[in-house]
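K.L.:
Respectively, the protein sequence lines represent chains A and B.
Note that this note's numbering gives residue 49 to position 42 of the first sequence, counting from 1, and the numbers run on in steps of one.
Note that this note's numbering gives residue 175 to position 67 of the second sequence, counting from 1, and the numbers run on in steps of one.
Don't read these hints as lab results, they were simulated from the structure.
Some clues are possibly wrong.
If you want a taste of the chain A side facing chain B, the calculated C-beta under 7 Å gives, among others [to be verified]:
1) V71
2) Q76
3) L77
4) E79
5) R135
6) S136
7) G144
8) H145
9) I149
10) G150
11) G155
12) E157
We put the CB at the ideal spot given by N, CA and C, even for glycine.
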Amino acid sequence: MEQITSLIQIKGIRDGLLATFMDAPWEDQRIALLAQIDERPSFFQGARLAMDVGSQILKVNDLVDLRDQLSERNLILWAVVSESPITEQTAQLLGLATRISKPRPEEQRQFADPINDDTALFVNKTLRSGTRIEFPGHIVVIGDINPGAEIVAEGNVIVWGRVRGMIHAGCKGDRSAFICALDLSANQLRIADEVSATLKPQKDPKPEIASINSEGRLQADLWHPG
Amino acid sequence: MTAQVITITSGKGGVGKTTAVANLATAIAADGKKVVCIDGDIGLRNLDVVMGLENRIVYDIVDVIEGRCKLKQAMIRDKHFPEMYLIPAAQTRDKNAVSPTDMIRICNDLRSDADFVIIDSPAGIERGFRNAIAAADRVIVVTNPEVSAVRDADRVVGILEAEEKGNPALILNRLNQALVRNNDMLSAEDVLDLLGIQLIGIVPEDESVIIASNRGAPVVNDPKSRAGQAFRNIARRIQGQDVPFIDLDQQSGLWGAIQKLAGRK
Numbered sequence: 008m009e010q011i012t013s014l015i016q017i018k019g020i021r022d023g024l025l026a027t028f029m030d031a032p033w034e035d036q037r038i039a040l041l042a043q044i045d046e047r048p049s050f051f052q053g054a055r056l057a058m059d060v061g062s063q064i065l066k067v068n069d070l071v072d073l074r075d076q077l078s079e080r081n082l083i084l085w086a087v088v089s090e091s092p093i094t095e096q097t098a099q100l101l102g103l104a105t106r107i108s109k110p111r112p113e114e115q116r117q118f119a120d121p122i123n124d125d126t127a128l129f130v131n132k133t134l135r136s137g138t139r140i141e142f143p144g145h146i147v148v149i150g151d152i153n154p155g156a157e158i159v160a161e162g163n164v165i166v167w168g169r170v171r172g173m174i175h176a177g178c179k180g181d182r183s184a185f186i187c188a189l190d191l192s193a194n195q196l197r198i199a200d201e202v203s204a205t206l207k208p209q210k211d212p213k214p215e216i217a218s219i220n221s222e223g224r225l226q227a228d229l230w231h232p233g
Numbered sequence: 109m110t111a112q113v114i115t116i117t118s119g120k121g122g123v124g125k126t127t128a129v130a131n132l133a134t135a136i137a138a139d140g141k142k143v144v145c146i147d148g149d150i151g152l153r154n155l156d157v158v159m160g161l162e163n164r165i166v167y168d169i170v171d172v173i174e175g176r177c178k179l180k181q182a183m184i185r186d187k188h189f190p191e192m193y194l195i196p197a198a199q200t201r202d203k204n205a206v207s208p209t210d211m212i213r214i215c216n217d218l219r220s221d222a223d224f225v226i227i228d229s230p231a232g233i234e235r236g237f238r239n240a241i242a243a244a245d246r247v248i249v250v251t252n253p254e255v256s257a258v259r260d261a262d263r264v265v266g267i268l269e270a271e272e273k274g275n276p277a278l279i280l281n282r283l284n285q286a287l288v289r290n291n292d293m294l295s296a297e298d299v300l301d302l303l304g305i306q307l308i309g310i311v312p313e314d315e316s317v318i319i320a321s322n323r324g325a326p327v328v329n330d331p332k333s334r335a336g337q338a339f340r341n342i343a344r345r346i347q348g349q350d351v352p353f354i355d356l357d358q359q360s361g362l363w364g365a366i367q368k369l370a371g372r373k
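The shape of chain B in the complex, shown without the other chains (with noise of 0.2 Å):
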């Protein structure tokens, strides 16, 4: 095996990073993959809450790079899904505590044990940024459709490009349909006419995606949840199958009921 090294971004906080490395990972291992992923948010550590893996770890991320454990002791094994694995970022510690060169090294020691190994990376363009794409192969940005989670993307995207890692791919996350409609929330064409990256998926705005979150469940094991759907589709496109994009304009309620059972969507 030779892993993929993906590490998902954003610049600006709060946009679904975590969200979007918990959902992705697990869906990926529901596909059968190994999966690693790694908390590259040294000292604001939360990745390990989404996944409702908190209260079993032992050994971080620091802990492997200091010596005081080998990499698989910091490997923490998920609940559900005995091929995916949660490597901790340290709470006590900060972004100093860990080197571009430290992030290569670990990628490089997991690179023949799994399929993919997913780096959750803090907010901001510093040292942990620096930090969480250094091992990359390949990097998604995630933005929400708002003016200054676009703005930040962009920023990213002009670094990245700077520093020649390829070109990343973009989550759009939370986009709410209806508002779009009555133009009150940029359209996915307006944020892709901006970014100008190719795009590798639309979640759409879904409470059941905080649900999950606070549950430590992630949303892609819930079948009914849109957001899931999207996100397990996302999953694929990662696994390179090309997989359709689901219509945002999709009826709900009881007529799209009605279509479905007649097979017209």
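So here's chain A without its partners, still in its complex pose (with noise of 0.2 Å):
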């Protein structure tokens, strides 16, 4: 037992609890998790838990499955932490949070060395509603950006659908980014600290480029191939 629990460190935050998961497989680490509820439920009832799981990338029924185990414990599982973009993801889709008010070590270095090669993230899926996917590089997005979703990207952000929601490039302040789709009717852009009025959805719609122009006001183009 003693060897298992040592798996997990859990400690108080300010929004409650937070369980740090150690390198192990993932079935261990919740089986640990569990274990270290039940040796005192006392203790756990009705806590909000917030998970910080590394590397580990976990999928839906990850979650889901921990979710209603929690939830039978009575635990509110609201944040999950991680340095993968696919659990990030996951979490997210799940409506979990993916950030909590204790900056990481991990994110405070990112700020001091932006990354600077081309990394993109690729997102085969339209994003509905209550999705927020944020990639330190460029997003390509296949699918549409319905109203409600959102986009958050240190690069450009391209999409190959139709665009409702809300983008923002370069949020690190890169004023050279720039957010092109086939149908680019977003409730609102965003590139570096500038912010797009609402593009009205056209009739028949033309692929669009937006970036910031010589005057620093960000602006929609038609894609002129060539």
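From these two lone chains plus the hints, build me the complex, please.
P.N.:
Here it is as structure tokens:
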């Protein structure tokens, strides 16, 4: 038992409890967490739990199962913090927070040392209301961005589909970032610290590209090939 | 018998989930199937009122879960259809009195004994919604042609996809064709374009629905109501029949009646 429970550290933070997982297979981590809770049920009763799962890659089923098991023990899972974009996406899809008030040391390092390589996150589906995708690089979406969905990238954003939600490119201040889409009628676009007005849906949408023009304004233009 | 468990949900409140459950259950029961409805809205129950069974409640779903009665004792038989039952929600408790595992257990107990189990989900995407979809074989999302309702429906569809609950079907409720013609209301195409899920029925705006709900007699029992017709058609589609969609541009009034007599419609 001693060996299992040492896989997890649980401590109090401002927003409830934070469980930090050591590197181990997910099944072991899950069992260790539930074992710790079952040891002291009264302590955990009704608590709000955040999890820092490190680089663990978690699928929807993993989190759903754990959330159900926690809810049976009267614990509410509200946040999953992860270094893996896949796990972050999973958590976001389930409506869980992916940031907690305490900044992670890893994140602080990112602020000091911006990523310069051209990594991109590829999302091959329509993003529905309530989904938020953040990535420290470019984001490419094959699908629509529905109203209420948000895309936040440090680099450029390319959408092969319709944009009706919010897109923020160059979120760390890169004013040369751009956003392009087959139909760019978003309710809000942002590049660096510029915010656009609403773009009206068009009858006959054409591909457009939005960028910051020479006057320093965010502007959308039709896409001219060549 | 192995019942199919169907959950009716929406995200936004007030779009007609409970009305849809009462009407679909009644229409399926009228087709001779055994149907059990479960009110999943613990603390804000109202399916019993819409079905006109309020004064017959002795035990509710929380009594079953907490072992104060047998499942059979909490099943209230409908006034008109002996093969239709309601398991009411508790009014004096909240959503935390039920867990997803409880719902799965109850539905599994019902499976051998019914053709359809229809669960009325509460609004929202929290615990009550989780409970309602936990046991579902199939989920039907109800929305109105309003921007806010469609956005909430989109959120719910996203969650259902993430939880791998299969492809939800869509009921578009309270569509007013006259407003759509004047571009004052989202059309069915607009809604489907955004949600991208399969349409199982369009229910036209019809004040007889409200009158029927207040009387505790679902509108499907009214052969003249167009909403009733739409719900009967959806019920057939749920049972696997291929029913053509009704023409919402249908002429009403004298000219429509003449056309009907002439067999043109």
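K.L.:
Provide an ascending list of the numbers of those earlier hints which the structure does not satisfy.
P.N.:
2, 3, 7, 8, 9, 10 and 12
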